[in-house]
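Engineer: Single-letter residue listing:
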Amino acid sequence: MKRVAFLSVAAALSLAGCNKQAEADLATCKSDLSKAQSSLTAAEDRATVAEGQLKSTQEQLAALQKTADEAAKAQMEKAEAGAKTQAGKAAKASAARATAKEDAAKAEIKSSAPATGTTVQQKAKRAGF
Amino acid sequence: MRLRPALLLSSTVLAAACGGDGTDSHNFEAGTYAVSSATLASAADGCGLLGAYTDPEKVIGIAVENDTATFNLSNDAQAGATTLPTATLSSNQLTEAYEANYLISYGACNVRVKRSVTGELTDDNKANLTLSFNVARESGTCVATDTDFAALPCDSAYNFVAVKKND
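As you go down the protein sequences, you meet chains A and B in turn. According to this note's numbering, the first sequence is numbered sequentially starting from 335. According to this note's numbering, the second sequence is numbered sequentially starting from 15.
Next up, chain A with everything else stripped away, as it sits in the complex (with noise of 0.2 angstroms):
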């Protein structure tokens, strides 16, 4: 009966003892979920922030990328604009030449410009009057 009474007290102590163990750990582990979480909570709050740079860092590049495609497209149009301006002017010039070339070849008087010193008298008679 001694024994019994013995066992069962020292089993009871035992159970005791590991309850408190038990507990312990328990704590233990929630202090450590809690840190955990915290930490997470952390890496995510960073995580957000980081995102918010990496999105605006990406509209400031968009952005910039925007202006210089409008400055480039700009000076494309600018270009284009002066070298058909360029063309046309050269065009003008080369017809206005042409037509020169023409009525030159069907002028009824063909001269040259007057030598300095020439009479009003000689200047008549070379213009036909």
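Since the hints were made in silico from the structure, they are not lab data. Owing to the predicted nature of the structure, the values given are computational and were not obtained by experimental measurement. Errors might be hidden in some of the hints.
[Stated by the list, open to error] Computed, partial: chain A to chain B, Cβ under 8 angstroms:
#1 A430
#2 T433
#3 K440
#4 S446
#5 A447
#6 P448
#7 A458
#8 K459
We treat Cβ as the ideally placed atom computed from N, Cα and C, and that holds for glycine.
Use these hints to put chain B onto chain A, whose structure you have.
Structural biologist: For chain B alone, kept in the frame of chain A given last:
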């Protein structure tokens, strides 16, 4: 005795009545005409050739065929037909028939000249004439000093008397 004066008077009256305006048509013959009394007929001598017409040596050629007079202002036998203005003669009046319209090439500059002659016969082979002309750039690069004209474009008109020279 009174019949003769009456007949003479009536015939004179009849002749005056049937004779039109009473002016005679003067003869106008082809030939070389001396130019004199040249004056400016326009506000200014834009083209600057009046001096050639005030020159006492200035002559022009005039050809007359039927009622059309052709004016060879430079009296140049080689002058092209398109450079010669013509006028129609009727009752001593010379009215524009053809305005000469031609090009002069000064190298890289071409100018168009338009000119006409009008006037009236004041006697046989004598006429008061008016030469009107204008000059403008047609094509090319033109500077007036490279042409025979004082300015471009320009307008001028001259009055002068033309009297046929004895050939």
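Engineer: So which hints don't hold here, by number, going up?
Structural biologist: Nothing - there is no hint that the structure violates, so all of them hold.
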